[in-house]
Amino acid sequence: MTFRHERLPNGLEIVAEVTDDALSTSVGFFVKTGARDETDATWGVSHFLEHMVFKGTTELSADEINRRFDWMGASANAFTSEEDTVYHAAVLPAQQHEATALLAAMMRPALRAEDFATEKLVILEEIRMYDDQPPFGADERCRAAFFAEHPLGRSVLGTVESIESLPVEAMREYHVRRYAPGNIVLAATGAVDFTALVETARRYCGEWEALPPSARDTWRAGRGPTGDVRETIVRPAATLAYGVRMSAGPAGDDPERFAAKLLATVLGDDSGSRLYWALVDPGTAEQASCHHQDFRDAGLFATQLACEAGDAPALLDEVTGIYAEAARSGITAAELEQARNKLAGRVVLVGERPRRRLFSVGLEWARSGRYRSVADDLAIVEGLSLDDLHRVMDSWPLHGPAATVLAGPSAIPETSGAGDPQGAGGAEPV
Amino acid sequence: MKQQLFSTTLANGIVLLGESLPALESAAVAFHLPAGAVHDGAGRCGLATLSGEMMLRGAGDRSSREVIESLEGAGVQWAHSVSTSHASFAGAMVARQLVAALPIYADIIRRPRLPEDELDPARQMVLRNLAGTEDDPAHRAMSALRQLHYPAPWGMPAEGISAEVAALGIDEVRDYVARRVIPRGTIIAVAGRIDWPLVVERMAELFGDWATAADAPPASGPRGSRIRHVHHDSQQTHIALGWSAPPYAADASYEASAALAILGGGSSSRLFTEVRERRGLCYSVSAGYHTLRDHAMAVCYSGASTARAQETLDVMLAEIRRLPGTLESAELERVKARAKSALVMQQESSAARAGDIARRWYHLRAMRSLAEELDRYDRLSVDSIEAWLADHPPAGLTVVSLGREPLEVPDDIQA
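Order-wise, the sequence lines are chains A and B. Heads up: the first sequence runs through residues 1 to 430, numbered per my numbering. Heads up: the second sequence runs through residues 431 to 845, numbered per my numbering.
For the record, the hints were derived by calculation from the structure and aren't laboratory data. Quick caveat, the model's predicted, so the values are computed rather than measured. Heads up, some of the hints might be wrong.
[Unchecked claim] Partial pick of chain B residues on the chain A-facing surface, computed with a CB cut under 10 Å: (1) Leu-557; (2) Thr-721; (3) His-725; (4) Ala-734; (5) Ala-772; (6) Ala-820.
[What the hints assert, rightly or not] Partner residues aside, some chain B positions facing chain A, computed with beta carbon under 7 Å: (7) Ile-498; (8) Pro-567; (9) Ser-664; (10) Arg-764.
Using N, Cα and C, we set each Cβ at its ideal position, and we do this for glycine too.
Make the full structure from the sequences, and use the hints.
Take a look at the structure:
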């Protein structure tokens, strides 16, 4: 595996992790823009634009784009998050140029008003689809409560109202500003011909006009709620209740983030964790899990719970009790070893699939301008100690102040917060 | 690329399959036991799922907790599922851990403790999962479609029925495991960075002396009604519809699959183009092929707002009716390209390959190489698919809608 990097004069960055004997090639355009770069007036534009990119350019119709991807046997798609918009295709190596050239052309979409009107209907359907599904908006409401007024609290899809009122002109303006070449990374993994990749990029992206970098917000001012915030969503059709709890954790530029992920594995992995043995194995909860999520300059521990509605308040208290007990008594060496082996196994399995590696390589470069190989990741996992986990629990107590949202079939009774109000709240940023 | 495929049958009937993928760092193993939900029995829907869950709760010298901890301690990404046909236990791991993982699986399969004090927790877990599926409208619509379309017990929900799971006892679980977790009908597949002779040797040590028992197939019962609306208070109405197709073991299944891929298999497919791209009716719409051993189904799915669901169904039906006689070679070439590319990329995942070789063996009683598979795709033509469609036009549709309002289903497509 070798790493390659190149930068075009207009600022577009090209990175590749080359595995000569791989059977496939994955390419992706990673645009450093997402929900946190929106305003109230453009709420949902990043994701809506991601859809519109597939609606064609001045030379290519939407049908032609779809046909060309299928013709080359590509597994192509896109996604939008709070910080990134990613367009990707996995193809056989012979199709590297075709796939890259098509994705590159799509980055300059026509954004036709009639396509905008039709696709708006699809976005509204997507919002309704997710709203009908567990956790019935609890995750988005919880993130909004956690980040309060900050744009990281915006839901990626937007709302029915924000999408209905969004004009096409606002999307065109957003596109010019946010899809400037200096704001985009072209990444590739697998059997990559890097020289040819750079050549394709020069030909199809070299003429894109360089713009001065557009500023992004920062989140350094705070780190989550200073006291417990609780909200309830009532969905009469729901069978179970769904709880989401978010407390502060290390940010994406904090070296402690790796220990935070290992800690979340010990405490709340989908199986074999403390939450699993306490709540899932006995059949008390349908789901009880915890993971660490990081953004450029913010991070959080997200706990997800699904259970009978009447049990929800008590089980949320039990979860915070498990976190408090872990902080008090510590993690055992056996737990550390099991979690390390689990994560190492995952790193290896993801590492051998170029289409999965693409996201690790591309997102990391878009965020930090750094590259970490599979071996680097394994070394990080192997190097984590009990001290690292205990330090994270001291700095970022999971039982501390949190935003909690419960969605369920009926009004769910409030409980007394189990967290320690003196915990992480109001502490200085790292 | 020369594929390295292996197969052997142990004296007790266990079929052992392997594929060596030396470029990978990982190995994957999958045990498929003939203990799927089709053997639940009347009034005991969910017995296979409960029994599968119980098998993980203590095995050999290991307690329930030690089973999971020993797998995860070896870095095994484990999975367990019960389908219509099989109870499956699988794991993917760094290749050197395979030798350590196999005895754990041997304990789960041959020496489950099935302790009475674990029955209630296991039952609660199954019941909670069932309650969770109640909140997944797309899953409910598809499950109802299978239940109506396939003859009982082939369409019964593997996850169970709450009232029936609630009544199951430990004796039924123990009896089920004794009857159904047997060598004959068991398929074990291993793929990745493996040493095949060593795998065979270890499997023979672990499973060779497992005494066999007779495998009795279930009798097929009646089918359900063709049209059903399920009331659900949701913003979208979910539409699942299907009609009979040849099972995978029939050679014509390739023609059927290709026709369905043209209908709704990719982003340039007819359903995606007409329902989503042209009209903006929905976010999800697709057509595909679902197969059991002796029955198979063409399946279409979409979910659209209540007010637009009828138009969504109407456009879907129009595209289904339009299919025979209108296939274009460019459409077929795209379907072939997607299928071939997916087949090659599957070689990058040991878990995907272990699953695939086992699935094919179950249907074909043979291994099929990538070259044979690619060759079969090459032999697909517009003429061969049209000929098949002419003999088997979409008819006798089963239609399920789930949402606030029932939909109007025209009479002609039910015939």
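Evaluation of the provided hints:
1. Hint status for B/Leu-557: holds, given a least beta-carbon distance of 7 Å to chain A, under 10 Å.
2. A distance limit of 10 Å between C-beta atoms decides the matter here; for B/Thr-721 the minimum to chain A is near 22 Å, and the interface restraint is violated.
3. With a cut of 10 Å, the hint placing B/His-725 at the interface with chain A is violated, because the nearest CB-to-CB distance is about 29 Å.
4. For B/Ala-734, the interface hint holds, since its Cβ comes within 10 Å of a Cβ in chain A; the closest pair sits about 6 Å apart.
5. The beta carbon of B/Ala-772 is positioned within 10 Å of a beta carbon in chain A (closest approach about 7 Å), and the interface hint is therefore held.
6. At a threshold of 10 Å, the smallest CB-CB gap from B/Ala-820 to chain A is about 25 Å, leaving the interface hint violated.
7. Satisfaction of the interface hint for B/Ile-498 is found here, the shortest Cβ-Cβ separation to chain A being roughly 5 Å, below the 7 Å cut-off.
8. About 6 Å separates the beta-carbon of B/Pro-567 from the nearest beta-carbon of chain A, less than 7 Å, and the hint is met.
9. Contact between B/Ser-664 and chain A, as hinted, is supported at the beta carbon level, the nearest pair being about 4 Å apart and thus within 7 Å.
10. Taking 7 Å as the C-beta cut-off, the interface hint given for B/Arg-764 holds, the closest approach to chain A being about 4 Å.
Checked against the numbered hints above, the structure violates hints 2, 3, 6; every other hint is satisfied.
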